[in-house]
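Trainee: In case you want the letters, here they are:
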Amino acid sequence: MSLAIATNVTPQQNWLERLGAGHIILAVALVLYPLVASDFFLTQIGGYSLIFGMLGLSLMLLAGYGGMVSLAQITVAGIAAYAIAILGSNNSNVLGFGWPWWLAVPFALLSAALASALIGWISVRTEGIYTIMITLAIATATYYFAQQNYAIFNGHSGYAGIRAPAFWGIGWRDARPFYYLCLGLAVLSYAAVLYGSRSTFGMTLQAIRDNPRRMRALGYHVTAHKVFAWALAGIIAGLAGVLLVWFNGRVSPGTIGVDAAIDVLIIAVIGGLRHPIGPFLGAVVVVLMQTFAIDIVGAERFNTLIGMVFLVIVFVSPDGILGLWGRIKPHLAQESLRPGQ
Amino acid sequence: MTESFAANRLQSSGAYALELDGVARHFGALVALSGINMRIAAGERRAVLGSNGAGKTTLFNAVTGDFLPTSGRIRFFGEDITDLPPHERIRRGLRRTYQISQLFKGLSVLDSIFLACRGVSRRRFSLLRPAITDVNMVQAESILNAVHLEAYRDTLVATLSHGQQRQLEIALALAGAPRFILFDEPAAGLSPTERRDLVAILNALPKHIGYIIIEHDLDVALRVSEYVSMMHNGRLFKEGTPQEIEADPEVQEIYLGGKHG
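For the protein sequence lines, the chains are A and B, in the order given. Going by the working numbering, the first sequence opens with residue 1, and the numbers climb by one from there. Going by the working numbering, the second sequence opens with residue 342, and the numbers climb by one from there.
In isolation and in its complexed conformation, chain A is listed as follows (with noise of 0.2 Å):
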């Protein structure tokens, strides 16, 4: 609050200024949930949450700073799970080269980085809807090809018996372990877009949201710009499917449908596409309810309640999340002197 006091900033060191508080309490708060927290609320919450955060996170990047809505964030990150899966070890046996993990994540990883660049390229020809719309088909094509397809994909059943590394005397996919790898892995890739925002790279994005025209009047190659966003993004989205496969255990067709296409893209709006931070507030609103909504309206109707909250969030603020705090901030901090909000 007595940042707030401050009147000469600008609105983005305040801004900045503001997140150094609270990303203390928040890292610190992250880092002793395990302590209080059982098993169940270690993974099935923590660990889901940072995982889709960061697939939202991917989305984010591409939407919020480039102006691209994809629905196909949940399909690269399907890429990498199903690269894990191939190229390391599974109990299908159709395909399965035994790579060790250190092998196997940054293939994965490359993979999802090179697909995501790939339906970047055929979709930057579009805007808008018209983005949302061919992404769709694109994850909707993939769904259906990888439970059709058994020579790669294993079909309908997809891989099993996946296991996660374990290094340093530690199962990584025991509850504590997993959560902690989860952590640490969202904190780089939110600190990474974080930063990458005021590099030159992430302005350029933010100018070609909005501008295109003109920054080709600026000597800039827009779609090449645009597709190189795509692969950053591919590889957050990647280490998020990476996480997935190493959770589950398994990935099959039902890991990349529509639907987890569509809860990403709610993840996102739910939590806000001005800052990195968004996401992850929309992936925690919407595991809970996903976890606990059953049991507060039945399996019948769980459904209706999230798609109740969704509108509820996005009819009270565009922003999703984000824009609420925006709104009640100020309410707070009545010593607010800041200029112009």
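The hints are simulated quantities; they were obtained by calculation from the structure and are not laboratory data. Heads up, some of the hints might be wrong.
[What the hints assert, rightly or not] Simulated coverage check for chain A against chain B, where a stretch passes if three residues somewhere in it have a Cβ under 8 Å from a Cβ of chain B:
id : stretch
1  : 192-198
2  : 203-209
3  : 215-222
Backbone N, C-alpha and C define an ideal beta-carbon position, used for all residues, glycine too.
Based on these hints, arrange chain B on the given structure of chain A.
Mentor: Leaving out everything else, chain B in the frame of chain A:
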């Protein structure tokens, strides 16, 4: 007639900055540009006048590559750029401004100019934050001063006034050592004071930088250009000094509506 004016000037100035040979642009049945032949020497400052719909902005779009001409060739400092994409033309030293400001509403003024400098430089894909000592950042600061926007260095572009946005338009075109600039009605919507500033900025440009300026205000055009080309219905129909154009009865009838003279 067009050719003879250009030929006279060629003898003194040497190479052409911009040459257009029979450039035409059709939109379906609409002929927006037709048989445009233009020779502009390096460092020359030319005004293009014409009523709305005369094809002035279409001419700019064809030169910058926003769309390709239906026929004809365009050469920039001797190089045929007709088929090059816009960003390649920009990297060769061509710049433009827009009639309606085309800015980055979510960025600050300094960051916008920085991107303009970086666009024709290296490390466009850098994932690092530019240091304050970055060569393009230093360039951006100096351009900021040149267009008198230093007080708005960190202001979000969306919150600038119309006049300031027009100044930023010009700043973006000045970034990165341009050789030739296309100004599309830079004075549109400016107050008399801001117009004087604009004239001062244009006249203070280094002499090697040539430009074409589309301008409705003959007062402004007269003070910032050496020659004037008149366009009408997609064609060039008259060229001359500002004084000759102003005094031309045909020009007065078509474009000025008899108000001047």
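Trainee: Output the numbers, in ascending order, of every earlier hint that fails for this structure.
Mentor: Every hint satisfied by this model.
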